[in-house]
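If you're matching them up, the sequences are chains A, B and C in order. Start counting the first sequence at 1; every next residue gets the next number (my numbering). Start counting the second sequence at 1; every next residue gets the next number (my numbering). Start counting the third sequence at 1; every next residue gets the next number (my numbering).
Worth flagging that the hints you see were computed from the coordinates, not collected in a lab. Keep in mind the model is a prediction, meaning the values are calculated, not measured. It cannot be assumed that every hint is accurate.
[Said to hold, decoys possible] Negatives, chain A to chain C, calculated, CB over 12 Å:
no.	residue
1	A6
2	G12
3	G14
4	Q19
5	R34
6	D69
7	V74
8	A80
9	L98
10	G105
11	A110
12	T147
13	Y155
[Said to hold, decoys possible] Per the computed footprint, the stretches of chain A lying under chain B, defined by three or more beta-carbons under 8 Å from a beta-carbon of chain B, are:
no.	segment
14	55-68
15	139-146
Glycine is no exception: its CB is placed at the ideal position from the N, C-alpha and C atoms.
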Amino acid sequence: MIGATAFGTIRGFGVTLKQIFRGTVTEQYPEYKRPVYPRFRGRHRLNRHANGLEKCVGCSLCAAACPVDCIRVVAAENTAENRVSAGERYARIYEINLSRCILCGYCELACPFDAITLGNDYEFSEYSRSDLIYTKDMLLAGPIKHTPVADPELYDTPSPNYETDS
Amino acid sequence: MSAPELITITVDGRPVQVPKGTGLVEAAAAAGIEIPVFCYEPRIGSAVGACRMCLVEIEGMPKLQTGCTTPARDGMVVHTARTSETAAQGQNATIEFLLLNHPLDCPVCDKGGECPLQDLSFRYGPGKTRMTFRKRSLEKPIPISPTIALDRERCILCYRCTRFSQEVAEDEELVAVNRGALTMIATFEDEPYRGPFSGNIVELCPVGALTSTQYRFLARPWEYERAASVCGLCAIGCNITVQSREGRVQRVLSRNHPEVDRGWLCDKGRFSSPHLYAEERIDSPRRYRDGAEEELGWDEALAELESLIGEAQGEVVLALSGTETLEVAYSLAAIVRRGARSDGVVLPEPALDALDPYRVPLSALAAAEEIVVFEESPVLERAPVVDLWLKLARRNGARLTTIGPAGEIQRAPGDAARACRELAGETSELGQRLRKAERVILIWSGRGGAGGAHLAVLARALGLHEKDGSGALYLPSTPNPRGVAEAWEAAADEPSHQPEQIGLLLVSGDEAANDPAIRKLAERAHRAVALTLFAGDTASWADLVLPATSYLEGEGTMRNLEGRLQRLRRAAAAPIRPELSWLAELGERLGVALPASVTGVFAELSAKALDDISFSSLGDRAPLPARTKPGPVEAPEPEAPPAVRGGPLELIRYRALFSGPVVEHVPQLAFQRPLPEVEISAEDADRRAIADGDEVVVRSTGISVRLRARINAALRPGSVRIAAEHCSELAPGVQVSRP
Amino acid sequence: MSTVLPLATAEVWWIGAIEALVVINILLLAFAFMTLIERKVLGRFQRRFGPNRAGPFGIIQPFADLIKLVRKAPFRPDRLIHPVLYLGAPVLSATMAFLAFSVIPWGGGWELHGYQINGQVVDVPISLIVIFAIGSISSYGVLLGGWVSESKYALLGAMRAGAQLVSYEVALSLSVLGVVLMARSLSLTGIVAAQHNTIWYVAPQIVGFACFAVAGVAEVGRAPFDLPEAEQELVAGFHTEYSGMRWGLFQIAEYVHMITISALMVTLFFGGWLFPVLHRFGPVWFLLKLAIVLFCFIWARATLPRLRYDQLMNLGWKVLLPVATVNAVATAFFVVLR
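Between the sequences and the hints, there should be enough to build the whole structure, so can you do that?
Next comes the structure, spelled out in structure tokens:
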């Protein structure tokens with residue numbers, strides 16, 4: 001029995017030694033950024049219609065759906081001089097606290113106007129917590145860093161037309 | 001009253017006993033089963049069965065019946081949607097029909113989250129729509145008043161709003177026009193809905209058709225913090241829920257105390273919350289010396305106040321507004337009585353306990369047989385919800401007699417006390433009727449009531465103490481005069497000296513600060529200190545101005561006109577230091593031991609004056625204290641009203657509901673402010689060839705005011721009535737003529 | 001062969017001092033890069049790179065770790081009764097570890113410009129016993145550190161570690177008895193000399209070598225016997241209450257101890273600095289053999305799971321001790337018969 005244990009142990013040593021010659025599987029980030037899937041849930045983006053009006057009407061359904069309560073929406077009325085969105089109201093204040101957000105995508109599911117979607121950007125580290133509270137203009141803007149995305153033809157179903165045509 | 005007869009009905013297999021005549025909706029609720037409703041609201045009067053949501057199947061009737069209009073009968077077997085396929089289909093179809101033309105507005109509609117249509121659609125409605133046509137589209141939203149917006153596309157025509165306007169507020173301004181599929185809710189000639197109760201339709205509307213513009217798009221219902229408080233703007237103390245978001249008060253809703261307000265609120269209480277954020281609000285103490293304004297820190301301000309009190313050497317007078325809570329009034333009184341050792345006070349009104357033996361809740365008005373109102377100031381302007389109770393009483397068959405310049409029994413202004421005595425006498429016919437009736441309620445609304453003493457004499461004579469359901473109510477013009485007087489009494493154990501002259505006048509509250517009588521005292525005083533919410537023109541007469549907190553920002557108690565002690569809760573933190581904390585610090589400097597917390601002050605006050613009830617026992621819906629034993633009433637002998645000098649017509653000033661420092665700082669309520677009008681009787685107008693709506697000049701010694709004439713058929717000839725803020729300095733006798 | 005293997009002769013004192021300095025510094029450098037090499041080799045066993053960000057191939061990593069340790073907040077327990085002992089325990093451990101290396105022969109000795117340079121820092125006739133004695137004192141440092149921390153976790157961890165160290169010391173000492181009997185010398189230089197021109201002692205003393213290997217790993221506290229420092233056990237064992245460089249000193253003690261035990265293994269069983277050719281390059285052969293043994297230490301860490309405490313004690317007292325004793329007796333038998 002001791003022999004079996006000893007022999008097994010020596011075989012174990014052989015296993016580990018063999019691994020050295022198999023090479024590493026490490027992907028060296030940030031030199032190599034692995035492409036994410038097209039539906040990868042990264043940082044949020046607020047979308048606009050084709051004519052430039054914001055899609056968001058400030059209805060707060062995203063804030064209600066959010067499991068961590070990290071979205072703050074304060075709505076205001078669209079006036080003739082200041083028409084921001086395509087409805088009666090728009091989001092005057094729209095803030096997402098990205099340090100709390102768990103990137104679950106419930107807000108994207110809840111939004112009736114496809115105004116908030118989760119993009120592919122995951123590189124948004126900051127040095128202070130207050131910098132991680134993204135305001136509306138920051139969310140409306142595009143991502144600062146480019147994230148490689150895997151080929152949608154191979155990795156995704158086609159987008160329905162209500163998502164692509166506004 | 002005999003106990004109501006109980007009958008047994010079966011709802012979804014559950015037997016339940018209910019009083020005879022109960023509607024099926026309540027009967028099912030008694031059995032723990034929900035019957036969904038849209039148009040049914042028992043407070044608005046009888047059910048109409050307009051929405052067809054409460055359809056139930058009753059054994060023995062072939063078609064589905066509306067539960068709201070069907071009274072329960074002994075042995076009835078009812079099946080709701082839970083057990084009846086037909087009823088479920090019926091309700092499903094009702095929701096489907098309602099949603100056919102209902103716009104897809106939920107994301108942008110303010111009602112979302114608290115919308116019965118949403119909730120009932122989830123519970124009883126179809127999951128998908130079969131509507132493939134264009135929905136009807138109407139212009140939206142239409143502001144039917146500066147405070148309420150109407151969205152006709154969302155309206156499901158339940159008629160709750162029009163029934164409220166007709167049957168509760170009885171102002172008949174909101175009506176349904178056109179008919180059939182083109183029915184719309186509107187006001188006549190698209191005039192704004194100008195009435196003191198218009199805000200209630202916002203709470204009544206089950207969809208987002210009627211929404212408050214003040215609150216438009218501010219927040220969603222799940223984003224609030226709630227505080228169960230009490231309105232502090234008039235003496236009724238309607239129970240409210242104040243909702244705030246991120247520390248700012250957003251709106252006020254009714255909390256429905258069935259004995260006090262029945263779920264209604266007047267527009268002043270409902271829409272006044274923006275006064276907290278008016279620009280004129282002062283946020284730090286200021287000192288005015290030699291014409292210069294200086295902002296002080298609290299330490300300096302308290303030191304200044306202490307030195308002012310020291311300088312006055314016992315000649316300190318405290319002027320209270322009647323808007324303070326008991327605790328703040330007690331602390332102020334303790335400072336003056338124990339700290340400054342002075343008994344000088346100007347109470348807003350005399351408020352005696354003479355009417356305590358005849359205490360009755362406001363809901364007793366609904367069941368009264370005879371109601372007598374001594375009305376010199378209109379009840380609607382003083383205590384609006386009492387006016388709603390009176391209207392309800394009249395609809396329930398009570399006989400309402402008003403005695404006063406514009407009443408059924410016309411008396412000169414100031415003569416109400418004598419009228420009281422006459423009623424108490426043997427010869428009055430009305431008095432005899434009152435003695436015979438079972439449920440009699442007397443109401444006094446006006447000046448010269450001696451704190452209810454005259455009414456108490458009458459009540460005693462009529463023997464109202466023995467009769468259950470009978471009582472007397474005195475309507476004061478300030479929210480908490482009784483409480484403030486009690487606090488003053490309890491503040492010190494021994495009397496100090498009465499000041500002969502005014503070394504220091506301490507004015508508490510904006511009402512007192514704007515009162516011309518107090519202003520005159522301030523001019524006579526050597527020094528004056530004001531404790532107000534708004535800057536106003538305190539700079540012209542005060543030496544030191546301290547910021548006050550509003551009723552929405554304070555914890556405390558107030559005693560309403562029934563005698564009920566109700567608790568206020570803080571809805572939002574004030575941006576300034578609460579009074580009790582710096583009054584305690586001031587007390588420390590003057591050697592007066594005062595607790596700095598509400599519970600502490602209340603405990604002290606309660607031990608002395610309130611039979612030691614605890615703060616926590618006040619609860620959310622305060623009970624009415626029990627009646628005391630009637631004793632001898634000290635009432636001054638009523639005299640004939642003095643002769644009027646200055647003009648042939650006697651001027652009756654009344655404080656309009658939408659006046660006062662709080663309402664002045666709410667821009668949305670500006671349209672409800674009293675119009676510059678003079679009410680004149682038909683006879684007087686005829687004699688002067690004045691028609692309704694003409695511009696006239698009202699003159700008294702040295703002063704003339706231009707107003708619009710309004711003929712009031714009920715007004716007694718020889719009197720005119722003008723809202724106090726348009727009267728300026730007119731003398732009691734005026735003449736009215738065309739310009 | 002006395003020219004090849006001069007025994008300890010008169011070496012000028014300051015050359016000895018320089019030797020000591022050089023040895024200590026090399027040991028420190030070895031410790032520093034041992035941490036890096038261990039992490040990188042362990043990584044390769046696990047099909048990943050080790051640290052490769054700090055400098056090319058992670059060479060700066062040890063210095064980064066050093067800076068981190070030095071900059072850490074040096075807290076001390078609130079209820080400390082003996083602050084001197086608290087600070088002294090890691091110092092003791094580390095010092096003893098360096099001290100033990102002083103008697104290990106890493107070269108044959110040279111003559112340079114008339115000066116004699118020895119192949120070891122100091123040579124005593126009983127250098128083997130010296131090593132074991134010093135090793136015992138360093139295990140005292142562990143116990144002291146745990147006890148003076150005034151913390152239950154630390155005390156328990158120290159007790160367990162101390163028990164482990166003491167148990168395996170016995171087995172360690174017994175397992176080298178065979179070598180001592182064959183070399184007829186307790187001095188390490190004598191043992192190396194005895195392996196000259198004969199087969200290294202690993203062959204005839206295979207059992208002893210096995211026992212020494214196991215007991216040696218346990219003495220150092222390395223996997224699979226690393227209970228004292230396992231993070232999941234008792235927070236951090238005896239060095240729970242040590243932060244920053246104080247903990248660093250305990251680490252130095254552990255690694256240098258490991259290097260010492262490896263050096264001892266090389267000396268006792270693999271001929272020390274001996275090699276069939278090129279005796280002048282004794283230190284190079286020594287380092288080569290040392291490197292291979294250290295690699296085996298890391299290999300064992302990558303392969304074997306940790307032993308439970310009762311398994312550990314079992315192994316030490318019920319297996320290694322009898323085996324080492326039997327080995328010693330058998331060796332004695334054969335030596336006498338020879």
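Verification of the supplied hints:
Listed as outside the interface, A6(A) is inconsistent with that label: its C-beta sits roughly 9 Å from the nearest C-beta of chain C, within the 12 Å cut-off. With a cut of 12 Å on Cβ distances, G12(A) falls inside the contact zone with chain C, its closest approach being about 5 Å. Not every beta carbon of chain C lies more than 12 Å from that of G14(A), the smallest distance being close to 9 Å; the non-interface claim is violated. For Q19(A), the shortest C-beta to C-beta distance to chain C comes to about 5 Å, within the 12 Å cut-off, and the non-interface label is violated.
Every C-beta of chain C lies more than 12 Å from that of R34(A), the closest at about 15 Å, which supports listing it as non-interface. For D69(A), the condition that its CB be more than 12 Å from all CB atoms of chain C holds, with the nearest at approximately 35 Å. The Cβ of V74(A) sits about 43 Å from the closest Cβ of chain C, beyond the 12 Å cut-off, so the non-interface label holds. Separation of A80(A) from chain C is adequate, the least Cβ-Cβ distance of about 57 Å exceeding the 12 Å criterion.
Its beta-carbon lying about 26 Å from the closest one in chain C, L98(A) satisfies the requirement of being farther than 12 Å from that chain. No beta-carbon of chain C is positioned within 12 Å of the beta-carbon of G105(A); the least distance is around 31 Å. With a cut of 12 Å on Cβ distances, A110(A) stays outside the contact zone with chain C, its closest approach being about 40 Å. Consistency note on T147(A): stated as away from chain C, and its beta-carbon is indeed over 12 Å from all of that chain's, at 22 Å minimum.
The Cβ of Y155(A) sits about 26 Å from the closest Cβ of chain C, beyond the 12 Å cut-off, so the non-interface label holds. Counting residues of the segment 55-68 of chain A whose beta carbon lies closer than 8 Å to any beta carbon of chain B gives 7, which reaches the threshold of three, so the coverage claim holds. Counting residues of the segment 139-146 of chain A whose beta carbon lies closer than 8 Å to any beta carbon of chain B gives 0, which falls short of the minimum of three for the stated coverage.
Checked against the numbered hints given earlier, this structure breaks hints 1, 2, 3, 4, 15; the rest are met.
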